[in-house]
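First to last, the protein sequences are chains R and Y.
Numbers 931 to 1274, taken from this note's numbering, label the letters of the first sequence in order.
Numbers 931 to 1274, taken from this note's numbering, label the letters of the second sequence in order.
Derived by calculation from the structure, the hints in this document are not laboratory data.
A few of these clues could be false.
It does not matter which identical chain is used: a pair holds within one copy or between any two.
[To be verified] 30 Å max Cα-Cα, derived BS3-like pairs, lysine-lysine:
#1 LYS985 to LYS935
#2 LYS1121 to LYS935
#3 LYS1035 to LYS965
#4 LYS1035 to LYS935
#5 LYS1139 to LYS1035
#6 LYS985 to LYS1035
#7 LYS965 to LYS1139
#8 LYS1035 to LYS1121
#9 LYS1260 to LYS1121
#10 LYS1260 to LYS965
#11 LYS1139 to LYS985
#12 LYS1260 to LYS985
#13 LYS1260 to LYS1035
#14 LYS965 to LYS1121
#15 LYS1139 to LYS935
#16 LYS935 to LYS1260
#17 LYS1121 to LYS985
2 protein chains.
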Amino acid sequence: MPTIKEVADRAGVAVGTVSHVINGSVPVSDSLRRKVQAAIRELDYHPNHVARSLKTSRTRTLGIIVPDMTIPYFPHVIRGAEAAARAQGYSLIAVNSDDNPGRQKELLSLLRSQRVEGILLAVSAGPTPLAQINRIMSAGIRLVCVDRIPDRLPVDSVSVEDVSAAELAIDHLLAMGHERIAIVTGPLTLKNERQRLLGYHQALERAGKRADTDLIWEGNILTDDVTAMCRERLRDPGRRPDAIFSTNGPTGLGVLRAIYDSGLRTPEDVALVTFDELTVDDLFRPAVTTVVQPAYEIGHRAAEILLRRIEGGGDAGAEPVTLRLPATLKVRDSSRFSYRAVAE
Amino acid sequence: MPTIKEVADRAGVAVGTVSHVINGSVPVSDSLRRKVQAAIRELDYHPNHVARSLKTSRTRTLGIIVPDMTIPYFPHVIRGAEAAARAQGYSLIAVNSDDNPGRQKELLSLLRSQRVEGILLAVSAGPTPLAQINRIMSAGIRLVCVDRIPDRLPVDSVSVEDVSAAELAIDHLLAMGHERIAIVTGPLTLKNERQRLLGYHQALERAGKRADTDLIWEGNILTDDVTAMCRERLRDPGRRPDAIFSTNGPTGLGVLRAIYDSGLRTPEDVALVTFDELTVDDLFRPAVTTVVQPAYEIGHRAAEILLRRIEGGGDAGAEPVTLRLPATLKVRDSSRFSYRAVAE
DNA sequence: CTGTTAGCGCCTTCAA
DNA sequence: TTGAAGGCGCTAACAG
């Protein structure tokens, strides 16, 4: 690979001059600029980012850690972040933690070694490495949490408005005349899950109802586990809910499978609303009513906040930004069956 | 961020010694090692990859360019590559070209500047930048093509065995008794698409049939376009195929929508087999028979080949490796209806 | 405007 | 085993 020196030699100028035409840092006469550009083309010169970073101690690189980018939600977040980064001349490194706290620690460490200037973190399930995150931030590396927000961590964060998103779902089910609405959550160690459960409670209360503890089913994000649990709970027709709200994708899939396994149908026997799309396209049946998160925008806004912190230099605006974006409800068949309508 | 020098000072040793305990390059006495490790911990020292890379001119970083990682297939490829890279201590930078040749050129250039040691490339639709790729390779950067393989480019490549994958689909449809099997392809400028079409022809021929040119429908990867085209073609009941094979995901979705729009059902009115999964889970209806690519393995093997080239130093094994992995057929409802069975 | 030069942090001989 | 020192490619003063 040619170096800046070789370009300079070929163009018959000094390295400083080449640097100036590349970075536009100082005006360069037309004739020299042309010569330099010709040399660059002829040599197929590509500035060495590594050397530049070492010199300037600016890598213009961001990192993002997600649990698993094969979950359809995350690629959208990543692309949103990538777009925001690119708009300001930054690159983005995306890595997967597999929801493994150990791996997450390694990745955080790796990103530090790579000297990324900021990190977007969707914390993995399990204990949040608070100490490590604090060290990162006091080392001057900006960090913004996305999607999954850890407790007790005064840090910028961007995610969906969980409470109102859940309310959206429950309000809808209530409006459709459902009386016994069950909620199937992921692990309640995750704050998001607790918030969604809170939204469930609030929506019921606002409607003058009380949540029946028998209808609060704490699951996890393993589809099979959820299926097993729900199959059990759906057994007794007398205690069966007439609608189910599931607070995340894998869980929702588990619920749906349990419904089928139990010989039930949706929406006829039990209505269903899930968080996050289960299918690529609503051509497929059952078409499940879904709370849709603005994934791309979450990534985009998070990266923007991160970049503002980075470019802002000093700890401009010490107060953590907590951005919560609204979800939307996509009503489909699985909740269209209305008891109220039937009664009329 | 502390430097190696600060660690050395704190531990009361020379920087060389610290470097040695970090890299294990030279044996270091136990007592000194311990002191160094303590200093590293106390200072929260993270070796500067940037400086190391500059010194060694090895970044231990790979890049992968995909058209769009929100297409479910690609995250699996990326994760496969990531795993292979990690196993050898490499990092992976994944970027999206949006199937835009201009963007693809920029990204190639960016990765060069970042001094990645190897590139995994799923070429974008449109003209392949042969000249640029050649320059990259003659600059000593290894490159392996994945998934989409460009023509006339003597380079390592890993992808699915397109011809036999298509044959798998057609053989199956023939076995189910279908007579008039249409094929809906993506743009035939892509080699993969041509290969899949070839498989279609071969399977028919082997069965003693000739492809009817009226049943070869060239589409593109825009779902809506394909829907429009198919709607048109499905209009005349007399000329309607009794089965359709679609050679990629977005196209398949378009076909399915057209079938529905035309008031037809699958498999009753027309059987359907697509390339690549359309849904997350076969709970959904219609359950479409699918040719499934080993996405993870494609990424994994491609990265392994790339790494072998890199570590191999010299142009070990000048001959390009052309690896084609077999697809599998997931038979589901959309092709289960058998005319033969009905006739019996 | 243009040329010269001192490091950025680290690894790696080479000497001790 | 340990320590000292050069230099990777580049930018940013600074001097001309």
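Structure-based check of all given hints:
Taking the closest pair of Cα atoms, LYS985 and LYS935 come within 30 Å of each other both inside a single copy (16 Å) and across two copies (17 Å). In this assembly of identical chains, LYS1121 and LYS935 lie within 30 Å of each other by CA distance neither inside one copy nor across copies; the values are 54 Å within and 42 Å between. Taking the shortest alpha-carbon separations for LYS1035 and LYS965, only the inter-copy value of 24 Å comes in at or below 30 Å, while the best intra-copy value is 49 Å. For a Cα distance limit of 30 Å, the shortest separation of LYS1035 from LYS935 across copies, 25 Å, qualifies, whereas the shortest one inside one copy, 40 Å, does not.
Within a single copy, LYS1139 and LYS1035 get their C-alpha atoms no closer than 44 Å, and across copies no closer than 59 Å, so neither meets the 30 Å cut-off. In this assembly of identical chains, LYS985 and LYS1035 lie within 30 Å of each other by CA distance both inside one copy and across copies; the values are 28 Å within and 27 Å between. Within a single copy, LYS965 and LYS1139 get their C-alpha atoms no closer than 78 Å, and across copies no closer than 64 Å, so neither meets the 30 Å cut-off. Taking identical chains as interchangeable, the C-alpha atoms of LYS1035 and LYS1121 lie at most 30 Å apart only when both belong to the same chain, with a minimum of 20 Å there against 42 Å between chains.
In this assembly of identical chains, LYS1260 and LYS1121 lie within 30 Å of each other by CA distance solely inside one copy; the values are 24 Å within and 38 Å between copies. Taking CA atoms no more than 30 Å apart as the test, LYS1260 paired with LYS965 passes in neither setting, with 59 Å inside one copy and 60 Å between copies. In this assembly of identical chains, LYS1139 and LYS985 lie within 30 Å of each other by CA distance neither inside one copy nor across copies; the values are 64 Å within and 68 Å between. In this assembly of identical chains, the alpha carbons of LYS1260 and LYS985 never lie at most 30 Å apart, being 51 Å within a copy and 54 Å across copies at closest.
Neither within a single protomer nor between protomers do LYS1260 and LYS1035 lie at most 30 Å apart by alpha-carbon distance, with minima of 37 Å and 38 Å respectively. Within a single copy, LYS965 and LYS1121 get their C-alpha atoms no closer than 59 Å, and across copies no closer than 41 Å, so neither meets the 30 Å cut-off. For the homomeric pair LYS1139 and LYS935, neither the shortest alpha-carbon distance inside one copy (76 Å) nor that between copies (66 Å) is at most 30 Å. Proximity of LYS935 and LYS1260 under a CA criterion of 30 Å is satisfied in neither setting, with 59 Å inside one chain copy and 58 Å between copies.
Proximity of LYS1121 to LYS985 under the C-alpha cut-off of 30 Å is found in neither arrangement, the shortest distances being 41 Å within a copy and 44 Å between copies.
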